[in-house]
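Generate the whole structure from the sequences, applying the supplied hints.
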Amino acid sequence: MIRNPLAWCAWAIAGLAAAFIDRSPFLQALLLLVLINVWLSYRGRRGSTYWKVGAVLAVIPILFSAALSRFGHHLLVKLPPIPIIGGAWTWEAVAYGASTGVALLLTVAVFGLLPSTIRSADLLSLLPQPLYRAGTAVALSLAFVPKTAASFQAIREARRLRGHRTGWHSAPGLLVPLLLTTLEQAIQYGESLDARGYGSGHRSRYHPLRWSGLDAAAIAASLAALILTLVLPSGPYNPYVDLAPTMPTAVSLIAVMLLATPAVTALLPRTDHAHHHA
Amino acid sequence: MPIITLDDLGYRYPEADAPALEGITARVDPGEVILLRGPSGSGKSTLLRCLNGLVPHSTGGQFSGRVTVCGLDTRTHLTRELGTRIGFVFQHPDAQFVLEDVEAELAFGLENLGLARPLMRKRIEEVIDQVGIHPLRRRRIATLSGGERQRVAIAAALVMHPQALALDEPTSQLDPQAAEDVLQVVLRLVAELGMTTMIAEHRVERIAPFVDRIWTLESRTMRDQAPRAAVADGGARPPVVDLAIRAGWVPIPLGLRDARIHAPRLPAATQNLPPIDGRGEVICRLEGLSFRYDGARAVEGVSMTLRRGQVTALMGRNGSGKTTLLKLIAGLQRPQRGHLHGEVTAAYVPQDADALLFAATVEDELRGLPPESVAPFRDWRHRYPRDLSSGERQQLAIAVVAARADLLLLDEPTRGLDPTVKQALTSFLRTRAETGASMLIATHDVEWAARTADRVLLMADGEIYADGPPRSVLGDSLVFSTQINKLLGGQWLLPEEVPV
Numbered sequence: 001m002i003r004n005p006l007a008w009c010a011w012a013i014a015g016l017a018a019a020f021i022d023r024s025p026f027l028q029a030l031l032l033l034v035l036i037n038v039w040l041s042y043r044g045r046r047g048s049t050y051w052k053v054g055a056v057l058a059v060i061p062i063l064f065s066a067a068l069s070r071f072g073h074h075l076l077v078k079l080p081p082i083p084i085i086g087g088a089w090t091w092e093a094v095a096y097g098a099s100t101g102v103a104l105l106l107t108v109a110v111f112g113l114l115p116s117t118i119r120s121a122d123l124l125s126l127l128p129q130p131l132y133r134a135g136t137a138v139a140l141s142l143a144f145v146p147k148t149a150a151s152f153q154a155i156r157e158a159r160r161l162r163g164h165r166t167g168w169h170s171a172p173g174l175l176v177p178l179l180l181t182t183l184e185q186a187i188q189y190g191e192s193l194d195a196r197g198y199g200s201g202h203r204s205r206y207h208p209l210r211w212s213g214l215d216a217a218a219i220a221a222s223l224a225a226l227i228l229t230l231v232l233p234s235g236p237y238n239p240y241v242d243l244a245p246t247m248p249t250a251v252s253l254i255a256v257m258l259l260a261t262p263a264v265t266a267l268l269p270r271t272d273h274a275h276h277h278a
Numbered sequence: 001m002p003i004i005t006l007d008d009l010g011y012r013y014p015e016a017d018a019p020a021l022e023g024i025t026a027r028v029d030p031g032e033v034i035l036l037r038g039p040s041g042s043g044k045s046t047l048l049r050c051l052n053g054l055v056p057h058s059t060g061g062q063f064s065g066r067v068t069v070c071g072l073d074t075r076t077h078l079t080r081e082l083g084t085r086i087g088f089v090f091q092h093p094d095a096q097f098v099l100e101d102v103e104a105e106l107a108f109g110l111e112n113l114g115l116a117r118p119l120m121r122k123r124i125e126e127v128i129d130q131v132g133i134h135p136l137r138r139r140r141i142a143t144l145s146g147g148e149r150q151r152v153a154i155a156a157a158l159v160m161h162p163q164a165l166a167l168d169e170p171t172s173q174l175d176p177q178a179a180e181d182v183l184q185v186v187l188r189l190v191a192e193l194g195m196t197t198m199i200a201e202h203r204v205e206r207i208a209p210f211v212d213r214i215w216t217l218e219s220r221t222m223r224d225q226a227p228r229a230a231v232a233d234g235g236a237r238p239p240v241v242d243l244a245i246r247a248g249w250v251p252i253p254l255g256l257r258d259a260r261i262h263a264p265r266l267p268a269a270t271q272n273l274p275p276i277d278g279r280g281e282v283i284c285r286l287e288g289l290s291f292r293y294d295g296a297r298a299v300e301g302v303s304m305t306l307r308r309g310q311v312t313a314l315m316g317r318n319g320s321g322k323t324t325l326l327k328l329i330a331g332l333q334r335p336q337r338g339h340l341h342g343e344v345t346a347a348y349v350p351q352d353a354d355a356l357l358f359a360a361t362v363e364d365e366l367r368g369l370p371p372e373s374v375a376p377f378r379d380w381r382h383r384y385p386r387d388l389s390s391g392e393r394q395q396l397a398i399a400v401v402a403a404r405a406d407l408l409l410l411d412e413p414t415r416g417l418d419p420t421v422k423q424a425l426t427s428f429l430r431t432r433a434e435t436g437a438s439m440l441i442a443t444h445d446v447e448w449a450a451r452t453a454d455r456v457l458l459m460a461d462g463e464i465y466a467d468g469p470p471r472s473v474l475g476d477s478l479v480f481s482t483q484i485n486k487l488l489g490g491q492w493l494l495p496e497e498v499p500v
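Respectively, the protein sequence lines represent chains E and L. Mind the numbering: the first sequence is residues 1 to 278 in my numbering, read in order. Mind the numbering: the second sequence is residues 1 to 500 in my numbering, read in order.
Simulated from the structure, these hints should not be mistaken for lab results. Even glycine gets a Cβ: it sits at the ideal position worked out from N, Cα and C. Fair warning: there could be bad hints in the mix.
Residues of chain E clear of chain L, computed beta-carbon distances all greater than 10 Å [unchecked claim]:
| # | residue |
| --- | --- |
| 1 | LEU32 |
| 2 | LEU40 |
| 3 | SER41 |
| 4 | GLY44 |
| 5 | LEU57 |
| 6 | PHE111 |
| 7 | THR148 |
| 8 | THR182 |
| 9 | GLY213 |
| 10 | MET247 |
| 11 | ALA250 |
| 12 | ALA263 |
Taking CB as the label site, the calculated pair distances span [unchecked claim]:
| # | chain 1 | residue 1 | chain 2 | residue 2 | range |
| --- | --- | --- | --- | --- | --- |
| 13 | L | GLY10 | E | LEU131 | 40 to 46 Å |
| 14 | L | ARG260 | E | THR49 | 54 to 60 Å |
| 15 | L | ALA18 | E | GLY135 | 41 to 47 Å |
| 16 | E | GLN153 | L | LEU369 | 22 to 28 Å |
| 17 | L | VAL282 | E | LEU183 | 42 to 48 Å |
| 18 | L | GLN225 | E | GLY47 | 51 to 57 Å |
Here's what the structure looks like:
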């Protein structure tokens, strides 16, 4: 198993680069398979919400691109002259939107994996002193996400109990109490930080960074994948030029396959070596 | 030399009409335990926040007088400096954690002080033993119960090696067992470490025997008294004190242990039980109601009737299915098996009543409600609802939702309420019952349930396993019994019932 936060940061950067730089449908499909494998190795079947959110995000660019772009020769459907969305919808526009949509889905999958593989304490301990305050803010923001979701649900339920509408029309009514609740929580967090000496001066680190050969292998594989993706990218896929994608190069395929290293290492035993920072 | 001094302390929140605190002068010597009590909104939290400088450094407002903690003037020293002198435990366990797991959370404060790792390790190991959280050290905070979180919060404050500890109603959000666990930790720190402790707490019956003095906050000012004098004066006090005053016991016992000396002189309890009042019209009937979350049983085969004019308390440990049962009856969850009969207006007030309040003023929240519902809030009508104390917000939320309902479903309505407000809530519910409403109330508050309900249901593992009048159900319970019942046994539940 990979537990080192540096290894996961390197993996996430390489994964995001692969998701956004190589837009070949073949590479995107391969990357999706790789991410599903890593996900199943570290999160099992938990966290399906991330995939649902990713799927919704993936559909939006497809709809926008199909409805607004009039370029391309392969006709999907021709709508009557309705303002904005009327006219010819093309397969090229759908493919272009899908390429962006899948990239978004892959991004959500990469970020969705990190909360269960990296602890904020480890992430904070990695940061140099000048970035510590910004890092704490990020760690707190991440901790806020599930609490904000719970507050949203509670407010929605409460409005229903008081006979208010709960559809899209009621969004402003939901957002104001949600904002207030979030601000109250933020103030309480601030007070808690103050009461525990946050910002007193020089900071030390309690958690030693743990390293194993597998972590080093994961970092090496991620760096290799990143370099291959940046230096030797596959030919760009532009459906408006040619709807049928070209086969990616062997190098591009290897770069994506390297990102499966965490899934492979999950099958191997681990031996830790602690590196003390304090 | 005193560890804390308050010298003519006064404070007014920004834009507030009146000061929250005025002319408070007191001192706390090392090793003393001070209980802060007073009605909701009387300034207990504000006073505690003055000790670590959150007031005024975080809140702003007008601060007058002087507070010193371990010789440091809070006006000229920031909270982060005072944090190493006085540890602070907040009311809401969730509001004080920065990181995801217990050990990292304990280390957070020490890392801020820049301590070397071996010293941090030593302090963390010591505090884990002191607070008894060894089984929790590798856990994620999100997986801890409320009581476990509060114990971790105490440990996180203690690990800084403070000379005093301030606890702001640390048990108000917890069930009785979790509250008991947290108070046990506090009492152990007092006994073993001689920790100077200031605690705002409504469960006076548990803490009163162990305190050196009681500070009573009322109308912005404070009375500093010895415990016996303070409880004899009124305010929040243990039920045995009420009984002792009626029976003329001297000295007044502060806890069960002292009271047991006097108890044998009282007459034996009667065994005559009144029957459950089954005369009211059936307002709601449940037949075999069941619900599971992802296969985990929450409510299983619950059948019962709720009648007009009846106040029913639903009790049971955390996770026994009480909230789910209320949500099923309220229509917020659909039963997976069984049926619910009854066409009535049901109102459900959730545990987190804050979510129900979203208007700009109390007046706006209450707009359109009958005058008798609005009357109790006349003095607050121009205030912003979220600026009210937790007890006041709870009262307002109940009034807002429950005004016109035939069936009131309340989830832990007494959490964080002081005795006066609880009494007002009892009166409100009894009045609604007399006008034909029915109430089903999930609560852990045994004393309040014994005083308010005319029927008690006990729930465990999704099933109701006891149903009857309070004397019958609470009178022979080992866990859900009142302090008077623990003292006298039989079926006495409340001090005023006991013939003296």
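Now the hints, each set against the structure:
no. : hint                               : verdict
1   : LEU32                              : holds, 26 Å
2   : LEU40                              : holds, 19 Å
3   : SER41                              : holds, 20 Å
4   : GLY44                              : holds, 14 Å
5   : LEU57                              : holds, 25 Å
6   : PHE111                             : holds, 16 Å
7   : THR148                             : holds, 12 Å
8   : THR182                             : holds, 12 Å
9   : GLY213                             : holds, 24 Å
10  : MET247                             : holds, 43 Å
11  : ALA250                             : holds, 41 Å
12  : ALA263                             : holds, 23 Å
13  : GLY10/L with LEU131/E: 40 to 46 Å  : holds, 42 Å
14  : ARG260/L with THR49/E: 54 to 60 Å  : holds, 55 Å
15  : ALA18/L with GLY135/E: 41 to 47 Å  : holds, 42 Å
16  : GLN153/E with LEU369/L: 22 to 28 Å : holds, 26 Å
17  : VAL282/L with LEU183/E: 42 to 48 Å : holds, 46 Å
18  : GLN225/L with GLY47/E: 51 to 57 Å  : holds, 55 Å
Hint check: no violations occur; every hint is consistent with the structure.
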